[in-house]
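S.K.: Spelled out from the first residue to the last, the chains are:
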Amino acid sequence: MQNKFLKLRINGRFRRLKALMVKEFYQIIRDPSSILISVVLPLVLLFIYGFGISLDANHVKIGLVLEDTSPDAQSFAKSLTDSRYFDVTVVKDRRELDKDFLRGAIRGIVVIPSYFSAFRQRQDNVAPIQVIGDGSEPNTANFVQNYLQLTWQNWLQQERISSKLSGIPLINAQPRFWYNEELKSHNFLVPGSLAIIMTLIGTLLTALVISREWERGTMEAVMSTPVTIVELLFAKLLSYYILAMASMLMCVTFTVLLYQVPLRGSWWVLTLVSSIFLFPALGTGLLISTTSKSQIIAAQISIVSAFLPAFILSGFLFEISSMPLPIQILTYIIPARYFVSCLQTLFLVGTVWGLLWSNMLAMIALGIVVFMVTAHYTVKRLD
Amino acid sequence: MKEFLVNINNVSKQFEKEARAALQGITASIPKGEIVGLAGPDGSGKTTLIRLIAGLLLPTQGTITIGDYDTIKNASFVHHLIGYMPQKFGLYEDLTVLQNLNLYADLRGVTGEEKSQVFNKLLFFTGLQPFIDRLAKALSGGMKQKLGLACALLKKPALLLLDEPSVGVDPLSRRELWKMVHELLEEGISVVWSTAYLDEAEKCDTVLLLNDGKLLYNGSPSTLCKNVQGRVFKITDISRNRRNLLTQVLNQDNVMDGIIQGHDVRVVLKESSTLSIEKFLSEFDPKAKLVADSPRFEDAFIDILGGGPGGFSALAESLPKIEAKQDVIIEAKGLTKRFGSFTAADDITLSIRPGEIFGLLGPNGAGKTTTFKMMCGLLKPTHGSASVNGVDLQKAPGEARGHIGYMAQKFSLYDTLSLLQNLEFFAGIYNLTGKQKKKAIDQMIDIFNFKSYVNDTAHILPLGFKQRLALSCAVMHHPAVLFLDEPTSGVDPITRREFWNHINGLVRRGVTIMVTTHFMDEAENCDRIALVYRSKIIRTGTPDSLKEAAKTLDNPTPTLEDAFIQIIQQYDMTNAK
Numbered sequence: 001m002q003n004k005f006l007k008l009r010i011n012g013r014f015r016r017l018k019a020l021m022v023k024e025f026y027q028i029i030r031d032p033s034s035i036l037i038s039v040v041l042p043l044v045l046l047f048i049y050g051f052g053i054s055l056d057a058n059h060v061k062i063g064l065v066l067e068d069t070s071p072d073a074q075s076f077a078k079s080l081t082d083s084r085y086f087d088v089t090v091v092k093d094r095r096e097l098d099k100d101f102l103r104g105a106i107r108g109i110v111v112i113p114s115y116f117s118a119f120r121q122r123q124d125n126v127a128p129i130q131v132i133g134d135g136s137e138p139n140t141a142n143f144v145q146n147y148l149q150l151t152w153q154n155w156l157q158q159e160r161i162s163s164k165l166s167g168i169p170l171i172n173a174q175p176r177f178w179y180n181e182e183l184k185s186h187n188f189l190v191p192g193s194l195a196i197i198m199t200l201i202g203t204l205l206t207a208l209v210i211s212r213e214w215e216r217g218t219m220e221a222v223m224s225t226p227v228t229i230v231e232l233l234f235a236k237l238l239s240y241y242i243l244a245m246a247s248m249l250m251c252v253t254f255t256v257l258l259y260q261v262p263l264r265g266s267w268w269v270l271t272l273v274s275s276i277f278l279f280p281a282l283g284t285g286l287l288i289s290t291t292s293k294s295q296i297i298a299a300q301i302s303i304v305s306a307f308l309p310a311f312i313l314s315g316f317l318f319e320i321s322s323m324p325l326p327i328q329i330l331t332y333i334i335p336a337r338y339f340v341s342c343l344q345t346l347f348l349v350g351t352v353w354g355l356l357w358s359n360m361l362a363m364i365a366l367g368i369v370v371f372m373v374t375a376h377y378t379v380k381r382l383d
Numbered sequence: 001m002k003e004f005l006v007n008i009n010n011v012s013k014q015f016e017k018e019a020r021a022a023l024q025g026i027t028a029s030i031p032k033g034e035i036v037g038l039a040g041p042d043g044s045g046k047t048t049l050i051r052l053i054a055g056l057l058l059p060t061q062g063t064i065t066i067g068d069y070d071t072i073k074n075a076s077f078v079h080h081l082i083g084y085m086p087q088k089f090g091l092y093e094d095l096t097v098l099q100n101l102n103l104y105a106d107l108r109g110v111t112g113e114e115k116s117q118v119f120n121k122l123l124f125f126t127g128l129q130p131f132i133d134r135l136a137k138a139l140s141g142g143m144k145q146k147l148g149l150a151c152a153l154l155k156k157p158a159l160l161l162l163d164e165p166s167v168g169v170d171p172l173s174r175r176e177l178w179k180m181v182h183e184l185l186e187e188g189i190s191v192v193w194s195t196a197y198l199d200e201a202e203k204c205d206t207v208l209l210l211n212d213g214k215l216l217y218n219g220s221p222s223t224l225c226k227n228v229q230g231r232v233f234k235i236t237d238i239s240r241n242r243r244n245l246l247t248q249v250l251n252q253d254n255v256m257d258g259i260i261q262g263h264d265v266r267v268v269l270k271e272s273s274t275l276s277i278e279k280f281l282s283e284f285d286p287k288a289k290l291v292a293d294s295p296r297f298e299d300a301f302i303d304i305l306g307g308g309p310g311g312f313s314a315l316a317e318s319l320p321k322i323e324a325k326q327d328v329i330i331e332a333k334g335l336t337k338r339f340g341s342f343t344a345a346d347d348i349t350l351s352i353r354p355g356e357i358f359g360l361l362g363p364n365g366a367g368k369t370t371t372f373k374m375m376c377g378l379l380k381p382t383h384g385s386a387s388v389n390g391v392d393l394q395k396a397p398g399e400a401r402g403h404i405g406y407m408a409q410k411f412s413l414y415d416t417l418s419l420l421q422n423l424e425f426f427a428g429i430y431n432l433t434g435k436q437k438k439k440a441i442d443q444m445i446d447i448f449n450f451k452s453y454v455n456d457t458a459h460i461l462p463l464g465f466k467q468r469l470a471l472s473c474a475v476m477h478h479p480a481v482l483f484l485d486e487p488t489s490g491v492d493p494i495t496r497r498e499f500w501n502h503i504n505g506l507v508r509r510g511v512t513i514m515v516t517t518h519f520m521d522e523a524e525n526c527d528r529i530a531l532v533y534r535s536k537i538i539r540t541g542t543p544d545s546l547k548e549a550a551k552t553l554d555n556p557t558p559t560l561e562d563a564f565i566q567i568i569q570q571y572d573m574t575n576a577k
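Top to bottom, those sequences are chains Y and Z.
So for the first sequence, our numbering puts the first residue at 1; every next one is plus one.
So for the second sequence, our numbering puts the first residue at 1; every next one is plus one.
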C-alpha cells in the first residue's frame, strides 16, 4: 500500500503542478486586483515617473529686488532673467515680495542692493548680493543657491571677458556628463521604478494571493489532497514569476519606446538580472504569507517591509551615499538596492559585468537566506 | 463487533496565545461505513478535531490513526485516504464548476477514463450538470455546498470529513445533502459530519458531543435520549399567557428545562413523576393539558450539562413597564433595497404590534439582514419607508433610533476594549450621562454577573458572556423595540435558554422584539413569523398556523422545517411557471 502511494506521489507531480498553475492562470485573468497590480499600477507608476516627477530644476520661480539700476546691476539681472533655470519677477522693493514668498509662490529672493555698483567700483572689487532661500523646502533652497552661484560665476566670467580686465582665463571648464548626457532625471528614474514594479508583483501580489487562499479556506482544502507543500508553493512562485516577467517586459517596452530611455545593455542580461531579483522578492512574499494569514495584514507587512524600503532605500529616488551611515548599512539588506543599481547600469551604461556581478551575487545571497527562513516556517499544516 | 477506521487516542490541542485548550484528552473511534455526527456549540472544538483528523494540525498530545497510518507521521498517505470539505467549501471562486472539478481531480490523481466517468457520476449526483460553466462565486449556497462535496468525493475516499456542511444553506439543500451523504454510506465510506444543530446530530449513527473542548458523549443518539425518556412533556391548550406560564413552570423544582413551541410549552422534568407539575397547572391554568412527548437530543444534552437556568430574568425585573400607546409599533411599507442589479429585499411590508415577538426566518442570503438594517435605520431603502414608535426612520433617524436597541450578528462588540469599556461606550452613544450612566452600567454588571470579567477584553470572553454583553449593550437605554440579528446562533443550549428567558421577560414588560434566525427551534419562540426567501416575504403567520397548513397524510405532525420546505417548494413551482 505504501509503495503504491509513493508511486502515485512521483507520477502525479507534473500533473499536479500543471493543474495548480492552470488554476492560478484563471485566477489572475479573472481577478481584477491581480490585473490591477500587474498591469494598471505599473503603467501608472511609469507614467508618474516618466512625466510627473522631475528632479531637474527648470523655471524655479524667484523674485529679484533690484535696488540698484546701474548698468552693472542691470546686466546681472539680465543674466538671471535669461537663465532657463529661473522665472524671475523683478521688483524695486523687497516688501512687494514678502507675501508671495510666504505663500510659496516664489521659491527664493535675490536682492541686488543699492550700493552694488558702488562696491563693484572699489579696489577689492567685492560686491555683495543677498540670496534668500525657503528653508522649509531644503531641496529647492539648495537648487536656488547652487544655480544662482553658477549664474553668478558665469556672469563674472563674461564680465571679465567683456571688460578685458583679466584677459582669457587660463583654465576653461567645459563640463560634460557621461551616461545621461542631457542630465534628464527620468532616464534614471524610469529604470529605477522598474524595481518598484517588480517588488509590487513579486512580493505584494504573491503575499496577497497566498493569504487569500488561507482566508477563503481553499488552502485547507488543497492541503487535504495528496499534493505536497513543495508543489503547492512552487506552482505559486512559478506562476507569479511568469506574471512578473511579463509585466517587466511590458514596462521595459514602454520605457524604451515611449520615454526614449536608452537600453544600452543586453536584453538577455536584463532578463537574467530581473529573474535573479525575483528570487528574493518572491521569497519575501512567501515568507510574509506564511506568517500572516489574512490579506490585509499581508498587504500591510509587504508595503512596510518591501515596497517602502524599495522606494526609499534602494537609491532609486534618494542617493544612498548621502544617507546617514546606519541607514546606508541598512540598505545592504534591501534586494531592490542591488536591482536598481543593475537596472541603471544596464539602461544607461551597458552590460558592464564588473558592475553587475557583485550585485547579482548579493541578490542571490539574500534570496537564499529568505528561502531558508521560509522553508523553516512552512509545513503542510495549518498551525 | 464494529470495525473502526479512525482511532483518536487521548488527543489534546492547545493553540499558542490561547488560554484555554481547544481540545482536552479526546479518545474516540470512528466506525467503518457509518455517519458520525460531531456536535457541539461554536468554539467547542469541532473544527479543530476535524483538522486534526485530516492531518492539518499537530496535536499537542496524543495520536490519531486512519487505518494503519498516523495522521502526522504518514500525512502524505492519509491525504490519499480522505475527502475533506472545509467550512467555506474550499472552492476557487474565480474558477468555473468544471475547472474546480478538474483542479481537484488532477490534485487527487483522477485521470483519463476514470475522470470522465467520475465527473458524469458526480455531476448527475449533485445536479450540477447544467451549471458546469458557471463561476463558483455565482453559485447559490446550496450549489456551492454540493460542488464542495463533489470535489471531496472525486477519488472515492475511505473517510469523508464535512465541517459544518449545513451552515448558511437553505433547509431544502440541507435535506438533499443529507440524502446524498447517506448514499455514500452504502458504498462503505465513513463520514464525519460536524454540526451545531442538534437535530442534525440526532440523525447520525453515532454522535460525538463536544462542549468546551471536552467530549461529553460518545455513542448512539438514541441511547442518550433514553436518559430523558418519560420525562418530556408538552403542555397544550394553554388559556393564559404562555410566556408567563413558561416562566412559572421553569421555577418549579422538578422542572429541568422548558421552551416555547408555538402555542404550547415543552418541558423536561428532573424526575418522571408528574405530580407536582400537574398540581401547579391545576392552580395556574386548569384548562391546560400535560401530554407526553418524545425526547430529543437537545433535551439529553441539557440533561448532561445539568439542566437549564430556570426561568428568572433579573434583566426583565429591573426594567420599567412600557405601556403600549398605539396598535402598531413597527411598520414597513414596500421596503426595497437594490445593490446594483441585485435586489436584496423586495417590497417588504410588515406591521408589528407592541409586545410581540416577530421573527424573520430564512436561509442565509435571503435578505433577512438587509430588511433588518433598513428597519432600524442602518441602511437607506431604495424604495418604501419604515417607522418605529410612529417615528419615520428616514425623516428622523436619530429620534427613531433612540427607541431601538440593536444586537448585531456575531455580537458586534469592540474586541480590544474591556467589558466595562464596552458598556461605557454603548451607554455613551445612547446618550446616557453622569449618574444615569453609572446606574445603568452598575445595573447591567449586577444583572449579568459581569463582576469578575469587567476588566477582561471582549475577545477573550467566553461566547456566552459575549452574548450577554451584547444584549446588555442593546438594552441599557430601555428601548421600546429590540432588534436581534441571529442572536443565539452557535451558542450552547443552556446559554440559549438563558437568553430566551430574558427575551420572554422583556416582552412581559412590554418590549417589542424583532428577531432574525435560521434556527427552527428559535422561530418557535415567536408570536408570528415571516418566511423570507429570495428577497421576498413569501408567507407570514403564527408558527402553529404554518405547521397546520403543511399537514399531509404522510406527515401528520410536520415540524416548522417541514412547513418551510413545503412553502418554498410551492413558491418555486408557482414562480417557475
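Derived from the structure by calculation, the hints contain no laboratory data.
Treat the hints with caution; some may be incorrect.
[As the list claims (entries may be wrong)] For each label pair, taking beta carbons as the anchor points, the in silico distance ranges come out as:
{"hint": "1", "chain 1": "Z", "residue 1": "Gln-326", "chain 2": "Y", "residue 2": "Ile-296", "range": "43 to 49 Å"}
{"hint": "2", "chain 1": "Y", "residue 1": "Arg-381", "chain 2": "Z", "residue 2": "Arg-20", "range": "19 to 25 Å"}
{"hint": "3", "chain 1": "Z", "residue 1": "Glu-183", "chain 2": "Y", "residue 2": "Met-245", "range": "45 to 51 Å"}
{"hint": "4", "chain 1": "Z", "residue 1": "Ala-19", "chain 2": "Y", "residue 2": "Phe-47", "range": "49 to 55 Å"}
The beta carbon of each residue, even a glycine, is placed where N, CA and C say it ideally should be.
S.K.: Evaluate the given range 19 to 25 Å for the C-beta pair formed by Arg-381 of chain Y and Arg-20 of chain Z.
M.R.: With a Cβ separation near 21 Å, Arg-381 of chain Y and Arg-20 of chain Z satisfy 19 to 25 Å, so the hint holds.
S.K.: Using the Cβ atoms, figure out if Glu-183 of chain Z sits within 45 to 51 Å of Met-245 of chain Y.
M.R.: holds (49 Å)
S.K.: Just to be sure I understand the hint, the distance between the Cβ atoms of Ala-19 of chain Z and Phe-47 of chain Y should be within 49 to 55 Å; is that true here?
M.R.: holds (52 Å)
S.K.: Within 43 to 49 Å: is that where the Cβ-Cβ distance between Gln-326 of chain Z and Ile-296 of chain Y falls?
M.R.: holds (47 Å)
The structure shown violates none of the earlier numbered hints.
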